[in-house]
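Please build the complex by placing chain B on the supplied structure of chain A, with the hints as guidance.
Chain by chain, the residues:
Protein chains: 2
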Amino acid sequence: MKKAVIITIGSELLRGIILDRNSKYLCDQLKKLGYDVVKTVSVGDDVNSIVREVRRAIEEADLVVTSGGLGPTEDDKTREGVAVALNKRLIMDHDLKSKIEKRVREFYSEKIPENISKQAEVIEGAEVLENTVGSAPGQLVRIGNKVVLILPGPPRELIPMFEAVKEKLRTENAFYERTMSFYGIPEAKLEEELKDILYSQKDVEIATMVDHVHGVKLRLTTGFEKREQLDRMMEKIMERLERYVYGFDDETMEQSVFKLLKRKNKKIAFAESCTGGLISSHLVNVPGSSEVFIGAVVVYSNDLKERILGVSRETLMKYGAVSEECVREMSEGLHRLTKADLCLSVSGIAGPTGGTPEKPVGTVFIDLYDGKSHYTKKEFFKGDRNVIRLKTSVNALNTVREYLIGFGE
Amino acid sequence: MKKAVIITIGSELLRGIILDRNSKYLCDQLKKLGYDVVKTVSVGDDVNSIVREVRRAIEEADLVVTSGGLGPTEDDKTREGVAVALNKRLIMDHDLKSKIEKRVREFYSEKIPENISKQAEVIEGAEVLENTVGSAPGQLVRIGNKVVLILPGPPRELIPMFEAVKEKLRTENAFYERTMSFYGIPEAKLEEELKDILYSQKDVEIATMVDHVHGVKLRLTTGFEKREQLDRMMEKIMERLERYVYGFDDETMEQSVFKLLKRKNKKIAFAESCTGGLISSHLVNVPGSSEVFIGAVVVYSNDLKERILGVSRETLMKYGAVSEECVREMSEGLHRLTKADLCLSVSGIAGPTGGTPEKPVGTVFIDLYDGKSHYTKKEFFKGDRNVIRLKTSVNALNTVREYLIGFGE
Numbered sequence: 138m139k140k141a142v143i144i145t146i147g148s149e150l151l152r153g154i155i156l157d158r159n160s161k162y163l164c165d166q167l168k169k170l171g172y173d174v175v176k177t178v179s180v181g182d183d184v185n186s187i188v189r190e191v192r193r194a195i196e197e198a199d200l201v202v203t204s205g206g207l208g209p210t211e212d213d214k215t216r217e218g219v220a221v222a223l224n225k226r227l228i229m230d231h232d233l234k235s236k237i238e239k240r241v242r243e244f245y246s247e248k249i250p251e252n253i254s255k256q257a258e259v260i261e262g263a264e265v266l267e268n269t270v271g272s273a274p275g276q277l278v279r280i281g282n283k284v285v286l287i288l289p290g291p292p293r294e295l296i297p298m299f300e301a302v303k304e305k306l307r308t309e310n311a312f313y314e315r316t317m318s319f320y321g322i323p324e325a326k327l328e329e330e331l332k333d334i335l336y337s338q339k340d341v342e343i344a345t346m347v348d349h350v351h352g353v354k355l356r357l358t359t360g361f362e363k364r365e366q367l368d369r370m371m372e373k374i375m376e377r378l379e380r381y382v383y384g385f386d387d388e389t390m391e392q393s394v395f396k397l398l399k400r401k402n403k404k405i406a407f408a409e410s411c412t413g414g415l416i417s418s419h420l421v422n423v424p425g426s427s428e429v430f431i432g433a434v435v436v437y438s439n440d441l442k443e444r445i446l447g448v449s450r451e452t453l454m455k456y457g458a459v460s461e462e463c464v465r466e467m468s469e470g471l472h473r474l475t476k477a478d479l480c481l482s483v484s485g486i487a488g489p490t491g492g493t494p495e496k497p498v499g500t501v502f503i504d505l506y507d508g509k510s511h512y513t514k515k516e517f518f519k520g521d522r523n524v525i526r527l528k529t530s531v532n533a534l535n536t537v538r539e540y541l542i543g544f545g546e
Numbered sequence: 138m139k140k141a142v143i144i145t146i147g148s149e150l151l152r153g154i155i156l157d158r159n160s161k162y163l164c165d166q167l168k169k170l171g172y173d174v175v176k177t178v179s180v181g182d183d184v185n186s187i188v189r190e191v192r193r194a195i196e197e198a199d200l201v202v203t204s205g206g207l208g209p210t211e212d213d214k215t216r217e218g219v220a221v222a223l224n225k226r227l228i229m230d231h232d233l234k235s236k237i238e239k240r241v242r243e244f245y246s247e248k249i250p251e252n253i254s255k256q257a258e259v260i261e262g263a264e265v266l267e268n269t270v271g272s273a274p275g276q277l278v279r280i281g282n283k284v285v286l287i288l289p290g291p292p293r294e295l296i297p298m299f300e301a302v303k304e305k306l307r308t309e310n311a312f313y314e315r316t317m318s319f320y321g322i323p324e325a326k327l328e329e330e331l332k333d334i335l336y337s338q339k340d341v342e343i344a345t346m347v348d349h350v351h352g353v354k355l356r357l358t359t360g361f362e363k364r365e366q367l368d369r370m371m372e373k374i375m376e377r378l379e380r381y382v383y384g385f386d387d388e389t390m391e392q393s394v395f396k397l398l399k400r401k402n403k404k405i406a407f408a409e410s411c412t413g414g415l416i417s418s419h420l421v422n423v424p425g426s427s428e429v430f431i432g433a434v435v436v437y438s439n440d441l442k443e444r445i446l447g448v449s450r451e452t453l454m455k456y457g458a459v460s461e462e463c464v465r466e467m468s469e470g471l472h473r474l475t476k477a478d479l480c481l482s483v484s485g486i487a488g489p490t491g492g493t494p495e496k497p498v499g500t501v502f503i504d505l506y507d508g509k510s511h512y513t514k515k516e517f518f519k520g521d522r523n524v525i526r527l528k529t530s531v532n533a534l535n536t537v538r539e540y541l542i543g544f545g546e
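If you're matching them up, the sequences are chains A and B in order.
The opening position of the first sequence corresponds to residue 138 in this note's numbering, with each subsequent residue numbered one higher.
The opening position of the second sequence corresponds to residue 138 in this note's numbering, with each subsequent residue numbered one higher.
For reference, chain A alone in the conformation it holds in the complex (with noise of 0.2 angstroms):
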């Protein structure tokens, strides 16, 4: 198996003050090209680090990737660094000076900072990356059977220039993973339904995690080859168990539901108590929700649901807050206000007190209703406060995501 080091470059990565995530994403990536990454390493602003760093990579690893450093400031080293390295030599690249020149006075101003020169300073022999979202482009050198990879350090810049080149990096042992995320689901039910399917392919590799508030992610790795052939078998798990699967890699159960209801062309509202706002902050924070959601109601006190919702004061008494009656009678009153086409209200007991031996800690009442009819559930969630409240979000959000797909009551 090819060996990777990645080396992220930049003074003020060892300062404490901004957090790599440049090397994540990295590893992640090579690991599916079929690297395994034996080191990562991060420098500051110093060609002698930079050298000693890059020399070290090139005899440990086929590849080596570094990130940073490529600004046109006296600060940015690694173009020096990574050819000093390699023995080669810098060379001032005129075409790509004046390209870069006509892209800074294109989107940032009319004068050319000093030095932006260096940015077209190119290693003999390498391929230049073209950098579609700053001035700074990459550079691909190849020294006999290894490879040198020089990218940017800002993510929004890395990330689609590793994308366009990532093909030339790919190696025998590239892999092809997808991953469904489950909820309602217990782990060794969902492996129990989908044996015949799951065990059909020998050359897939199947993984599980379990996330407490989440639900069941199902990770399927096979080799690059055969990507087709994992669709196909994803393709056969949405038929049998469509149900309860809310999104794929790295989908979110918001994103889902929020998907769904503009595919139906639904408007929702939510009234919630226990969960204090973060159910509709959950979908709020999916980039054009407003076009999908109404408005919500927090309503902690038994007061506010009286007034806010017309939830009778004889249901609080009899029933209290947290109960069915209750939070059917706040999604009516909801749909009063709002006309909303699904009303979702939640009321719980998130603790630390307020629990009693019939309704501990953790009891949560979940209700929809359409304008015609409830779908009403009682749930126990584990957990602190927060956890509580998180599950009781995500099963709240789950069960749109039922009624949505035709599986509500």
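By construction, these hints were calculated from the structure, which means they are not laboratory data.
Bear in mind that the values here come from a model prediction, so they are computed numbers and not experimental data.
Each hint should be verified, as a subset may be incorrect.
Same chains, same names: a pair is fine if it fits in one copy or spans any two.
[Unchecked claim] In silico lysine-lysine, DSS-like type, Cα no more than 27 angstroms apart, as pairs:
{"#": "1", "residue 1": "169", "residue 2": "373"}
{"#": "2", "residue 1": "332", "residue 2": "363"}
{"#": "3", "residue 1": "236", "residue 2": "225"}
{"#": "4", "residue 1": "519", "residue 2": "248"}
{"#": "5", "residue 1": "161", "residue 2": "140"}
{"#": "6", "residue 1": "139", "residue 2": "303"}
{"#": "7", "residue 1": "139", "residue 2": "363"}
{"#": "8", "residue 1": "305", "residue 2": "234"}
{"#": "9", "residue 1": "363", "residue 2": "140"}
{"#": "10", "residue 1": "169", "residue 2": "303"}
{"#": "11", "residue 1": "404", "residue 2": "476"}
{"#": "12", "residue 1": "339", "residue 2": "373"}
{"#": "13", "residue 1": "168", "residue 2": "339"}
{"#": "14", "residue 1": "236", "residue 2": "303"}
Leaving out everything else, chain B in the frame of chain A:
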């Protein structure tokens, strides 16, 4: 200046799954103790890599800090790797072994995992560092003038152990650093107002950092032995500019508002339009917030502003939803509903559409009502939709803060 190298150890760090947060924490801490951190490295659970990197680090630095690889399993190679790198023996500490076993029995389970005794192997001459959270002790080894500090990987174990040992690592270049966060005062005015205080102390280094959402941060840095002078300087600044100071060090606007509401025994409610629940979710994220937070309504549409808050149709027709009149009526409606001591309302145009020549995107009205008087502001924020929403939230919470410290109108 003494140099330091950080080595984080664990194969999971190189698989792109876990984000290494220990390096940033240690960089920040070591900087304050007077070290120049010259490199951070991450390697897998591989004894040869650990030996190689520790040897290099000992050559390049005065202090080497490792994190991770101290568990009881086969994978955990840090003790062994450091011992080999330093040409020292690993010695079983039988007292330590009994302590670890007792601890595991108390906190985890009756069954002592096999190999747990591995965690009682101590590098000869090392000082053992107690782990108050988990089972793996740390170690501090002195080699001439150089120090190797071995810490566990999980941040919840690493941080308290580092806090307990850090006094031993302080150098003559150690410094003391505090930050004050200001809102509502431009950087230049801040410096002007404070110049007599700021430049009275030659040994205090001053830095200002501007964040277009959260205001100006003033960072004051001085030698560790002068920390009392620096604290007195901060008191003077506070006396003069209290109105603008919302936090010290990492304190956020919402934490500051929460503390004030609690101290003054006031309860608050929000009526949010363009912020879509963001103000509520900021406050609700502060532990204990339910003591001061009555509830909120998120009312995007005019219809909901009328129906829930009783904003008059005439106001909406004549002045629009984004107007002084509308936010005042929102607050009054909210007060009727909630009887909260303080009612905060916002309405604005977050964009990207909805702007007009008189009310361009970024126009926001904020009103704070205490049942008697209104404190109403018109603001104009630049940025995209999310930035405008965020700026509105912070500004609105700052309005509450100013009111509570006696600067409201």
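(request) Of all the hints given earlier, name the ones this structure violates by number, lowest first. (result) none
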